[in-house]
Structure formats: structure tokens, C-alpha cells
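These are the residues of each chain, in order.
Protein chains: 2
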Amino acid sequence: MADSGDRKVAIIGSGLIGRSYAMLFASSGYQVSLYDIEIEQIDKAKDDIKSQLLKLEEEDEQYQLIQGVTDLKSCVEDAFFVLECVPERLEIKQNVWKEAEPFITRDDVILSSSTSALLPSDISRNFLRKERFIISHPTNPPFYVPLVEVVPASWTDADVVTQTLKLLESIGLVPVLVRKEVKGFVLNRIQYAILAESWRLIRDGVMTAGDLDKVMSCGLGVRYAFMGPFETAYLNAEGMHSYSERYADMILGIQQDMGPPERMDGPVLDLIQIDMEATVGPVSEIQQRRQWRDRRLAALAKLKADLNKND
Amino acid sequence: MADSGDRKVAIIGSGLIGRSYAMLFASSGYQVSLYDIEIEQIDKAKDDIKSQLLKLEEEDEQYQLIQGVTDLKSCVEDAFFVLECVPERLEIKQNVWKEAEPFITRDDVILSSSTSALLPSDISRNFLRKERFIISHPTNPPFYVPLVEVVPASWTDADVVTQTLKLLESIGLVPVLVRKEVKGFVLNRIQYAILAESWRLIRDGVMTAGDLDKVMSCGLGVRYAFMGPFETAYLNAEGMHSYSERYADMILGIQQDMGPPERMDGPVLDLIQIDMEATVGPVSEIQQRRQWRDRRLAALAKLKADLNKND
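First to last, the protein sequences are chains G and L.
By the count of the numbering used here, the first sequence reaches residue 878 at its end, each step adding exactly one.
By the count of the numbering used here, the second sequence reaches residue 878 at its end, each step adding exactly one.
Next comes chain G alone, as it looks inside the complex (with noise of 0.2 angstroms):
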């Protein structure tokens, strides 16, 4: 798409998302045009914008390509890709597209949204475009987890699809291809598989939170930071079919004493809560231990790259 002069990307809501996304475009060269209903709100993104920039030693030259707007007609014409990031109401999101889809020029656009729980289906279902439409759900925060899920809806044309693909690829995410509308699609759906189980531990009293997390951050997600549950399987025997002749009964066994899921509320909550204060820290204390997170998410993905190029 670059290629043939496509330079517009409209992004329609600058919070934590909607910054993001316009940082990944604007550092690959893309003319973004970002909007938000009051004027105070687009500076505020313009300020973190510039000093996450900054911090990146990117240019100035690409908080240039950043264009602030609270004129959703001037946001959207002549855009070829569409994002929209405003807050997780399927109401919000609706009125929004209501909104500017008549704005939109190009018949050839892309339109999409960064939502995470919400269908494509009911997001496009009364749009104009509806065969042009399809999501694209970053993780949090997108500059060090590069992970995005790409959802059409059963009526996306095809090549809506690959070049949203393509696209996300050439800004430097890892877009992977949700085939079927499932709730919480698959991120969500593993991270909600691993809640149920941790949470019925805690609750039989097998291991405090504590431990708990230690038996992933020291344990399994070393290994997952690098490769995924099949990968992990793989090479833990010959390949899946020795993996499944050594191991699948009792896997199925011990799946099979997994109860059902329990809502996550009540005592047991408590107990999580007073385990992770004494171990994490106070709520308090909550964002400076989302900046150490964030060290370690920017130190890993450095890394990461590092490897890749001395393999």
C-alpha cells in the first residue's frame, strides 16, 4: 500500500491505544491524523506522544507525521486505514462510525477498531462499509508486546484481510489471524484458561498467589516468552506424536480434574489481594511497578531482537 502514495492513517480516539497505534505508523513514515472530541485531550496525547518519542530516540521528524484534529470529517478523508480506539462500549464505538463513515472518501479504505471484547460482527453490522471492516487488537503496551489479533467478520472482503496483515507487519507488530468470532478471542480466551485454574488452586488452598506467579515468571513463562504451548510440547518429546503417546492420558486425566469456573469475587479474592500487596506492593505503589514491568518489557524485546539477528 505505501507503495502507491497511501500515506493517511486516521485514528479516531487518543487514549493509551490510539496514541500507540499513531507512534507505530508515524515511526514507519505514515501521515497519521489523530482525533478526539476536545482539544485539551489531543494535546495531552500530544505531550506523552512527544516524550515516549523522545525516550524512543526517534525523531522529531516523526512526531511531525502526528497530526492532532478534533474535526472527525478532516480526520478521515483521504485516509486509507481507519482505527478506531475510543473506550470499550459497543454504543460508543457505533455512534462514533455513524459518525465519520460518512466523512470517508476512499472506497478502497480499510476501517477497523482496536477493541478487545467486543464482536466485529455487532460492531459493523449496520455500517455502510461493513465489507471493509475488521478489528485489530494490540496487547498493552504495543511498543514492547508486538502481538496483535486480527478479527474479520464473516462479510470482510478478503483482501481487507491480507492487507491489514501486511500492513500491521510493516509497522512492526505481529498481527495473528482470528478465523472464527469467538468471545475474547484467543488471548483473552488463554489468559481466562490460566485465571480459572490459578484461581481454583488458591481457593483449595494448594499454593498461596505468591507462589503461584513465581511458578510462571520463574517456571513456565521463561519459556513462553520465547515459544508458545505447542512449540513447548514439541520440543519437550519428538514432535507432537511422541508428545501424545508419552503424555496425553495423563494430560487428560489431570484436565479432567480442573472444575468449573468460579466467578472471581468474594474471600478468596481477598486472600489474592492481601498476597499480592505483601508481594507486589500496595496499590498504592501500583504505578511505579508498571514502570518496572515496562523496563523489562522494553529489555526483552531488545533482546529478543538481538538473538534473532546472531542466530
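Where hints are given, some of them may not hold.
No copy labels: a pair is met if it fits in one copy or bridges any two.
Straight-line C-alpha distance at most 30 angstroms; calculated DSBU-like pairs for lysine-lysine [said to hold, decoys possible]:
no.	residue 1	residue 2
1	750	869
2	613	747
3	617	750
4	611	575
5	733	697
6	871	622
7	747	640
8	617	747
9	611	747
10	876	747
11	622	869
12	613	640
Simulated from the structure, these hints should not be mistaken for laboratory data.
Let chain G serve as the given structure and place chain L on it in line with the hints.
Coordinates of chain L only, in the frame set by chain G:
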């Protein structure tokens, strides 16, 4: 324990796990007596240990602390910690212990097994000193993945629990306490919860196995290298209660949408195998890929240590 002159560790079984434990104990200055049935096995283990210690730039001194023996009596007598690392079959383990126990001389000995799959009460039921028995299940490879699950039986003495945790921590491992005997302990239960949902997503055609692995390695997993599922939740909101208020209903809805587990076999397994061959490489090259993995685990272990130093 080290202070009172208790320096002899007996390790029964010189396979991968036995060797790793031998190196870890020797690196902390313990005298290790490493037993196997055949002298050839011992020689093979010692050659491997030597080359590994060289790679880790450990001194020859450490190597000298490991003595290989084929005589079970001389292995276990005077040892304060006897660690059995023989193959994962209950009968084999029970027989080895039956043979070893009469030779054990110290009343305050700790008896341990590296098993990942057997329960401590099943192994130690008929021991002479069953109250001295506890499981120390490591993660592979223990030099780069430091987690150890410590699992007592209901009859295990309290001091065996506290001393085992302390001892393992003193040699650089991260021990966590499994307070009740559950199948698969904690690490494998979480691993198999992930596999159960991943399997269903492949079966239902939601995603390819290669892409699903990326959801972990380029998304969820980069966080998990540094924090577990509860800290992830804690930082994704303002603590556990705010996480629950925002997401508990949505999460439960998604968890209830995940069907029962299936045995890993048949056409879905074939599909995953084909995708792994394409993305990871053929089964014939698994050994190189394991080295690729271990280079990364070693680099991440170093990165984490450096980051913690600079905090």
C-alpha cells in the same frame, strides 16, 4: 544446614535431572555423591557435567566435588539430603528407596524425589522414615529455569519442609510450596489448562497452531517471563478488587464458553504436527531447536539478574 558441617548430598540417578541437581549442589560447594547402576552411565554423566561446567565458566573445583558411584551404600551413607531422580515409574522409585533406605545413617536426613507425576504419599507410603520424605520437582533445564515445586505428604515433618525450601533457595533455585497433593502439582496443571483451551481453538478452526504459539511468545508470554497471572491482573487495574469489578463478569462468561478437555490425538494432532514442522522445523532438527531455546533461556536468566541488580 551448611553451617553445621552437613555437606554431603546423595543423588540417586544420573540422568538429565540428576546431573543438573549435581551441578547445582556442587556449584554451591556441597559434596555430591552421584549414583547410577552402571559405570558407563556415571562416566557419561560426568563427561556431560564437565562440559556444562566449562560452558558456565565454573572452576574445576566444582567438578571435583562430584563423585560418581555405583555402590548405593557409599552414595547415601552420611548424606543429609538424599535426592532420587530415577525414571517416572512408581515401582522403580519404590524399589530404589527400599534398597537405599537401610544404608541411610542419619536420623535427621531429608529424603526427596524429583518426580513430576507421582504423589509423595504414593512414593513414601512404605518407607522406614516416611516423615522425612518430600518432593523437589524441578523445571527443565534447571540451570536456566529455577522453579522447583516442593510437595510434602500429609505425614512429612514440618522441619523437612522448611529445611528443603531453605536448602533449594541457597543453591540458587526458586522453591514454591505445594500445600496439598494434587495431580500434576501446580506448574503442569497450569500448563495443561493452557493446552486444553489451545487444543479447542485449533479443533474449532479459530487459529492455526503457529499463530496460536505467537499469541503466547509475542503477546502473553513476554509478560509471564516477569510476572504471574495474578500480578498481571493486579497491574491491569488498580489491584484485584478493581480488576474484579471491571472484568469478573466478562471473564466468567468467556471461561464458561470453554468446553470440556479432549484427549490430544487424531486429526487435530496431525494438524498441529504439520504446522509445527512448518514453523519450528522438522522433527529431525529438534535438537538444534532445543539449543536455540536454551540459548534464549540462558540469555533471559542473565537479563533478569541484571535488571534486578539495577532496580
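Each hint tested on the structure:
no.: 1; hint: 750 with 869; verdict: neither (33 angstroms within a copy, 38 angstroms between copies)
no.: 2; hint: 613 with 747; verdict: neither (36 angstroms within a copy, 53 angstroms between copies)
no.: 3; hint: 617 with 750; verdict: neither (36 angstroms within a copy, 52 angstroms between copies)
no.: 4; hint: 611 with 575; verdict: within (22 angstroms within a copy, 63 angstroms between copies)
no.: 5; hint: 733 with 697; verdict: within (20 angstroms within a copy, 61 angstroms between copies)
no.: 6; hint: 871 with 622; verdict: both (20 angstroms within a copy, 22 angstroms between copies)
no.: 7; hint: 747 with 640; verdict: neither (32 angstroms within a copy, 62 angstroms between copies)
no.: 8; hint: 617 with 747; verdict: neither (38 angstroms within a copy, 52 angstroms between copies)
no.: 9; hint: 611 with 747; verdict: neither (37 angstroms within a copy, 51 angstroms between copies)
no.: 10; hint: 876 with 747; verdict: neither (34 angstroms within a copy, 45 angstroms between copies)
no.: 11; hint: 622 with 869; verdict: both (14 angstroms within a copy, 24 angstroms between copies)
no.: 12; hint: 613 with 640; verdict: within (20 angstroms within a copy, 73 angstroms between copies)
When held up to the earlier numbered hints, the structure conflicts with 1, 2, 3, 7, 8, 9 and 10 and fits the remainder.
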